Amino acid sequence: MIKKRLWIVVMIIIMLVATMSGRWSRQEPKNLAIGIAYLYEKTDEGIYSITAEIVHLSGTNESGAATGGQSGSLSIIRNFKGPTVSETVRDTEVKVEKVFFGSQNRVRFFSEELAREDGILDILDFFVRDHIADERPYLFVVKNEKPTDIFEADLGGSARLGEHIHHIAGKRQDTVLTTTFVNTLKFVREYYCEGMQPVISVVEAKETEAAYKTPGMEDEPKKTELVFEGLGVMKGAKLVGLLSEREAMTYTLLREDIKGAHTSIPVGEKEIGVKLSNSRPKIKTSYENGRVKINIDLKLKLSVSENETEYDVSQYRDIKILENIANNHFRKEIESTIAKIQREYKSDIFGFGMHFHVQQKHDLWESIKEEWDDKYFAEADITVKVDSKIVFSGETREKFGVNAR
Amino acid sequence: MNKYPSICQNQLALMIAGSALMFPYSFLPVLRTGPANQDAWIVMLCSIVFIIALNAPFLILKNKFLNFDFVEMNEAILGKIGGKFVSLIYTFFAFSCYTACMLIATMYTRIYLLAETPQWIVLLFVIIPAMYIATSGAGTIARLATFIEPYILLTIFVFCVVGINNMELFNILPILKDSKPMDIVEGAFFTAARFSEILILVVFSIYLRRGHSLNKSYFRSLAVFGVSFFIIVISTILLLSSGVAKLMHAPFYVYSRQVGGEDLLQRLQVFNALAWIMGTILKLSIYSYMASFFLYKVTNFKSQKFFVYPLSLLAFVVNMLPFMQRSATLDLFKQDTTYPLFVLFIAFIVPLLLLIVYLIRQKSIKPIIDQRNQAVADAEAKHDAAVQPKPGNAPKNSGQNSNEANIPQAPPPGDSPQQA
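Residue numbers (our numbering), protein chains in the order written: chain A, 1 to 405; chain B, 1001 to 1420.
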C-alpha cells in the first residue's frame, strides 16, 4: 500500500515539475529569440516587413554583434521580410541563430499605411491561430511617416520598448483621458461584437526638447520620445481615421472606466484642474420614422486639484456654477466628437448599436444591422446630458492667496 | 478481509463529475451548439434537465439491479448471449471514449502546451499513468478522484474570481433575444447527449459501500458538474465573448491565459493546464478500467488487469494513425452530428431498450434479482455477526473507516481477487 502511494506521489511530482517549469518546450532559454515588440508593415512589393525588438540575454553563447545588436544593449532590433506574417516572424530568411519565442510579446505596432490600406484582418488571424502568438499584447498604430522611428525613441528609465509600453499601459489605463490602451483580446472581442467597431491605440515618436539632453553636449542629435495621444478609429479591421487627444476623451468617457484622470476645464480665460472619475453612461435608444435616437446620460465625479479661477470651491453657490461650466464643456466636447465620427468615419466605436440591439426588438435590429454604421449610426439624432459633481475641493477651501495680504 | 474495493457515494460523485467536466474544460462544445451565441449559458442550464431525462433509463435499471454488475445486469435482462453482445457494444464504446479522450489530450497538449513535442511522447505521458491507475482498480480510481477533482473545482472557482475584473457584462447581452426557443432546446439536447458519465455510475456503483446511495451519488455529481460547468461557461463568455470563445479550440484555457497578475504572478494558466492533465488522466483511467472490466466479465478471464495493457496499446496505435494526428479529426468530436449521437445511442437508446425488455420480462427476472439480494443480505448478516465486538474486547479497527470493504459481495462482482 505504501509503495503504491509513493508511486502516485512520485508521478504527481513528475507532472508538476514537467508542467510548472518556466518553459514548456525543449528549447533552452539561451537559444530563444524572445520578441517583446513587433512592428508590422507592408513593403511596396506587397510583402510583410516586420521589425522585432528581441531581448538580448546576457551570457548567451554569442555576442550581440553576431545577432545584429550592439554589445551591452538589452535588446536587439531586427527586420524580417516575407509573404505571410507567420513566416516573417519566424525569420525564414535565417538572419538570427535562435528560435523565435512569442509568449513574452508585449506590444504590436502597425504602420498607419498598413492599417489604412490593407487592414489587419489577416494579421489578426495569425494572432489568434498561431501558438507563438496570443491575445495579451497591446495594439498600436504608429503615426510616424517612418514607423521604425519608435525603436529609436528615448525610453527614459526603461530598458526595452516592449516592456516600457506594457508597463505604461498596465499602470495608466484608467488614469488617462486622452487615449486608451487596447490589447489584442479587447480588439478581437469588439471586432466580433454586433453593433460596435473597435478602436486602436496610437503612438508617435516625437522630437523632444531638452528633457533628456545630456548636460554639456550642445551638438547632441535631437532625441525623440513616445507620445500616446488620440485613438485610431477602425471599421472592421481597417483604420478609417485618427482622433486627436481631445476627441479621444469622448471615447474614454463613454467606453472606459476612468478612476482618476487629471484634466482641466476652461473657465473664462483661466482653467480649473480636476481629477475625474466616471461611471458608465446610461444610453437609451429609440427608433422613430426610420431614424435612430440616442440619449446619453453621463455622470462624472470631479475633485479639484488646482484652481486658477476666483471661484471658491468650498461654497455651494460657486460649486454649482463650476459644475454647469463643466457640464457644458464636456457636453460640447462629446457632441462635437460624435458628430465628427458620424460625419467623417461612419464607425460606431461607442457601441450605440450594441445598446440598440439590446433595447430594441430583435427583428428590427436584424433588419438594420448591416447598414448600422453607414446609415443609422451616421444619421442618428444624439443628445448628450452630462451631470458633473464636484465632490472634493482638495486639501484647501478658497483659492490660495485670497485674503492673504 | 479486504478483498474487494469499496467506494463511498461522494467518491463516486466526484468521479462522475470530474470525468464529465473534462469536455467543458477542454473544448466547451456548448458554445457551438444550438444558437451558438451569448445565450450558451442558458443552453447549459437547460441541458441539465435533458441529462436527467436521458439518464433516467439507466438510473431506473441500476436501481433495480443494485447488486449486479453491468454485465450481469445485461445477462439477467437479455440472457447470456444477448447480455454479452450488449456488453461488447459497451466495451467498444468505452474503448472509443478512451481513444477519443487520448486524442483530445494529445491534440490540446500539442496545440497549446508542447507544440514541438512528438505525439508519441505526449501519448506515453498520459497512457502510462492511466494504465497504472486502471490496473490498480476501482478503489484507487475513486480515491484519486477525491483529490484530483477538488483541485479541478478549485481552479475553476479561483480562475472565475481572479478574472472578474476583466469580465464585461455586455458580452452576455442581449439575453434570449437572438435565440429561438427551439435553438435553445436543440443546443441543450446535444449538450446533454455528450454526457456519457451515467455509465460510470452504472459500472462503479457495484462497489458502493453499504448504506451509501446510488441516487445521492448521481444527483450530487450532477450538482457539482452543473455548478462547475455553469461557472466555466459564464466566465468564458463574460471575458472572451461568445464570438471569440467559439473561435478557440480550448476557450477555458484561453480564458485562464487572460487572468492573473501582470508582474509577480505570470502564466497562471499552468494551474489550469495541470488540472486539465490530471483530470484527463483520471478520465482515461476510468474509461480504460470500464473497457477492460467489460471484457473481463464477458470473457470470464482471470483478471481485469490483463485487458488494460492490450487496450492501451491498441489505443496508442490508433492514435498514432496519420488520420488521427490531424486536428480536423478532433473537430469531428466537436460536431453535434457524430459524437453526441453515438453517446445518445449508448447512454439512452440501449438502456431504454433494456428497460423495456426488463418490464416485459419482469416476472422471470424478479426471482433472479431477489435471489441475488438475498445472497448479499445473508453475506452481510454473516459479516456483521463475525465482526460483532466481544464484551470488553472491541476491535481496534471496526472497518468503517477503511476504504476497502470487509464484505465480499455475493457473488463477487467487479475487480479480480488480485486487487486485494
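A portion of the hints provided could be inaccurate.
[What the hints assert, rightly or not] Taking lysine-lysine and the BS3-like style, the derived pairs with C-alpha atoms no more than 25 Å apart in a straight line are:
id : chain 1 : residue 1 : chain 2 : residue 2
1  : A       : Lys332    : A       : Lys275
2  : B       : Lys1084   : A       : Lys284
3  : A       : Lys186    : B       : Lys1366
4  : A       : Lys375    : A       : Lys259
5  : B       : Lys1302   : A       : Lys369
6  : A       : Lys320    : A       : Lys259
Just so you know, these hints were derived from the structure itself, not from any lab.
Small disclaimer: the values here were computed from a predicted structure and weren't measured.
A quick look at each hint next to the structure:
Under the criterion of a C-alpha separation no larger than 25 Å, the hint pairing A/Lys332 with A/Lys275 is consistent with the structure, at around 19 Å. The hinted pair formed by B/Lys1084 and A/Lys284 fails the criterion: a straight-line CA distance of about 66 Å is larger than 25 Å. Among the hinted pairs, A/Lys186 with B/Lys1366 is inconsistent with the structure: their alpha-carbon atoms are about 63 Å apart, more than 25 Å. Between the alpha carbons of A/Lys375 and A/Lys259 the distance comes to roughly 34 Å, so the proposed pair goes past 25 Å and is violated.
At most 25 Å may separate the alpha-carbon atoms for a hinted pair to count; B/Lys1302 and A/Lys369 exceed this at roughly 68 Å. With a CA separation close to 23 Å, the supplied pair A/Lys320 and A/Lys259 stays within the 25 Å bound.
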